[in-house]
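Asks: Working from the sequences, and respecting the hints, build out all of it.
Take the sequence shown: its letter number 229 is residue 229 in the UniProt record's numbering, and every next letter is one higher.
Derived by calculation from the structure, the hints in this document are not laboratory data. All values derive from a computational prediction rather than experimental measurement. Cβ atoms here follow ideal geometry from the backbone N, Cα and C, with glycine treated the same way. It cannot be assumed that every hint is accurate.
To be verified - Here are the simulated DSS-like pairs of lysine-lysine, each with C-alpha atoms no more than 25 Å apart in a straight line:
id: 1; residue 1: LYS475; residue 2: LYS449
id: 2; residue 1: LYS382; residue 2: LYS475
id: 3; residue 1: LYS43; residue 2: LYS72
Said to hold, decoys possible - Pairwise CB distance ranges (calculated):
id: 4; residue 1: GLY519; residue 2: ALA458; range: 54 to 60 Å
id: 5; residue 1: LEU262; residue 2: SER58; range: 53 to 59 Å
id: 6; residue 1: ASN83; residue 2: ARG571; range: 37 to 43 Å
id: 7; residue 1: GLU423; residue 2: VAL349; range: 20 to 26 Å
id: 8; residue 1: TRP353; residue 2: THR215; range: 32 to 38 Å
id: 9; residue 1: THR300; residue 2: LEU262; range: 23 to 29 Å
id: 10; residue 1: HIS231; residue 2: ALA304; range: 29 to 35 Å
id: 11; residue 1: ARG59; residue 2: ARG286; range: 53 to 59 Å
id: 12; residue 1: SER58; residue 2: GLU465; range: 36 to 42 Å
id: 13; residue 1: GLN412; residue 2: ASN83; range: 29 to 35 Å
id: 14; residue 1: ILE259; residue 2: VAL440; range: 41 to 47 Å
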Amino acid sequence: MDDPYEDRSMPADYGNNADLEDLDLEDMKPPQLDYYAVLNLSKSATEDDIKDSYKRLSRIFHPDKHSDPTLKKAAETKFHVINKAFEVLSNPQLRAAYDEYGEEGLNTKWEVGHRIKTPQELREEYARLAREKKEMELESLVRSKNDITINVNATRVFKGEEILSPFGGTTFAKQSSGGYLSALKRMQIMQLYMKNSFETPFGARTQMIVGGQMTASSGMGGGNVVGTLRHSFSQNLNVEVGSSLLNPRIGVLKGTYSIDPLTFITGTAQVRHFNAPAPLVLTFGRKITQKATGYMTYRTGEWAIGSWGPVFDRRRDFSSLALGFSSQDENGSSQAEIQTGIMQSHLSVDHTWTLDSSTRVRVGGSLSTTAGINASIGGDRKITEHTKVGLAVEFGLSGGVAFNIKVKRLGQSLTMPIVLASEFNPRLVLWATILPLCAVTALDMGYAKPKKRRERQAKLKELREVHAEFIATQKKEAQEAIDLLRESTNLKTQQEQDKDGLVIIAAVYGNLQAAPELGLVTDVTIPVQALVNNSQLSMPAGHSKNHILGFYDPCLGEKKQLRIRYEFRRRMHEVVVSDLASVAAPVRSHLLA
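Replies: Right, here's the structure in full:
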């Protein structure tokens, strides 16, 4: 049966959906100033947009525009930041470095080639230099992977104790004493398999992998050591050469060539001896949609050229042709394959649902000319940052029932397939599915989630205390910005009222669900009105961190919303959004109506 944990879709990070109980670790840190937000711009802003925004803000925050000593001093601080933002974003080289690496990119000396380059060329060169630096740092590191598989036979647990029949043969009967503990003692370990490998860079484009594997069954076993050399000749061509070091010696040659960004071809040859041509596996794949890839795989099996190779009657492996596709997005992944061959043909499908950032559920099935109908249902869940636990039930109408347990932590994994019955048993399939599901649900709902909520609340309380001074400083600077914006905003409000335009009645930002006495909400009516131009509100991402324009984050690490009550064409509206970057869309929908 297929491994229900194996991810056979195209490589990609799964689980972009945020778990409502998870803390945003980045949002818990004191935010850094966003130069785009300072100038009220998006990252796609043109040079003219940058100049226009700088001029508009200079008319408000220039120290010479204020006679009050307190406001004049506040304006000097704000104007210095606005000048810094303009200096970075108006310089193509500095902007490229800032876009790629933030403030760190501005403080690093990059030895980039000729200065007359486009921003895109500069970004590509910065990315190349960063990759080379990262590769040098990783050259001395060795990645280790370890896999342990323990095959367990538990069929006698459910059949009962084996006894001799007085009429001859063997029968099974439930043990009269001993209970469940005695039944569990009848489990047997059928096979133990261990595999360990070490991977280390062996040059700028070369990796060396040394691994060993061992199999033990009924007190007997064997093992081997395998060495592999992987080299990238170019971005389009990768080649692997490997061989076992002990008997039986097997050599493997594998190559992957990218014909274009959407198309690839892979070939694998496995050499066991020189008495016959090496069996080949050829795969041709192409990206058919943005999220799906189609492929065709041909396996030669054992074959002959004239008298070189085994005759047909003595072949153990035969040719086959498979067609399939694989797709993946943030909601899950799917795969289907149909194979036809001389001795074996099959049709297999499976789908994986991503429930949240920690949990996946998979259902799969196959119809084969040799194994009949098989199906599996399973799932996995991250229980810590680096640990994942998976459970699955596999069964076949012409086969048995097996329950799989898998634990993965970093590069280490432990897999335990437990055979529950050697024949299909629908009641056993039902209980093997329901009991683990109920146990996991009860554990999650009764222990894991309440524990996570308590830890979250404790962490948030700690954050409020640790960052209280920082938040107070941000609040003070935001209030200074509001005082500086007040006069120009009042004038803008009057102009919008005169033409029945967009007038912000009230706007608040923060944790709107929290109790008012916690002080986790801030009034941003004046800052939001200040961003209105020609009866349109534009708020690019990053304003929650921009105290220069009167915004600040009153509740680090917590879910925040922005509520705006506004008047347009003498009609009142209200909108609540959880992302400042999406404010413009619902407001503009009224403006264009």
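Asks: Need the status of pair LYS382, LYS475: alpha-carbon distance at most 25 Å?
Replies: Cα-Cα ~38 Å, so violated.
Asks: Could you tell me whether the CB distance from GLU423 to VAL349 stays inside 20 to 26 Å?
Replies: Given a distance of about 25 Å, which is inside 20 to 26 Å, the answer is holds.
Asks: For the pair THR300 and LEU262, does the Cβ-Cβ distance stay inside 23 to 29 Å?
Replies: For THR300 and LEU262 the Cβ distance comes to about 26 Å; the hint holds.
Asks: Kindly confirm whether 29 to 35 Å is satisfied by the beta carbon distance between GLN412 and ASN83.
Replies: Since the Cβ atoms of GLN412 and ASN83 sit about 53 Å apart, the hinted range of 29 to 35 Å is violated.
Asks: For the hint 54 to 60 Å, verify it against the beta carbon of GLY519 and that of ALA458.
Replies: Distance hint for GLY519, ALA458 is violated at roughly 19 Å.
Asks: Against the range 53 to 59 Å, how does the distance between the Cβ atoms of LEU262 and SER58 compare: consistent or not?
Replies: Violated, since LEU262 and SER58 (Cβ atoms, about 48 Å apart) do not stay within the stated range.
Asks: Looking only at beta-carbon atoms, does the pair ARG59, ARG286 fall within the given range of 53 to 59 Å?
Replies: 56 Å, holds
Asks: Do ILE259 and VAL440 keep their Cβ atoms within the hinted range of 41 to 47 Å?
Replies: 45 Å, holds
Asks: Taken at face value, is the distance from the CA of LYS72 to the CA of LYS43 at most 25 Å?
Replies: 30 Å, violated
Asks: Quick one: are TRP353 and THR215 within 32 to 38 Å, going by C-beta?
Replies: Because 34 Å falls inside the window, the suggested range holds.
Asks: Given a hinted range of 36 to 42 Å, is it respected by the beta-carbon distance of SER58 and GLU465?
Replies: Since SER58 and GLU465 have Cβ atoms about 39 Å apart, the given range 36 to 42 Å holds.
Asks: State, for the Cβ atoms of ASN83 and ARG571, whether the hinted interval 37 to 43 Å holds or is violated.
Replies: 40 Å, holds
The structure does not agree with the numbered hints 1, 2, 3, 4, 5 and 13 stated previously, though it agrees with the rest.
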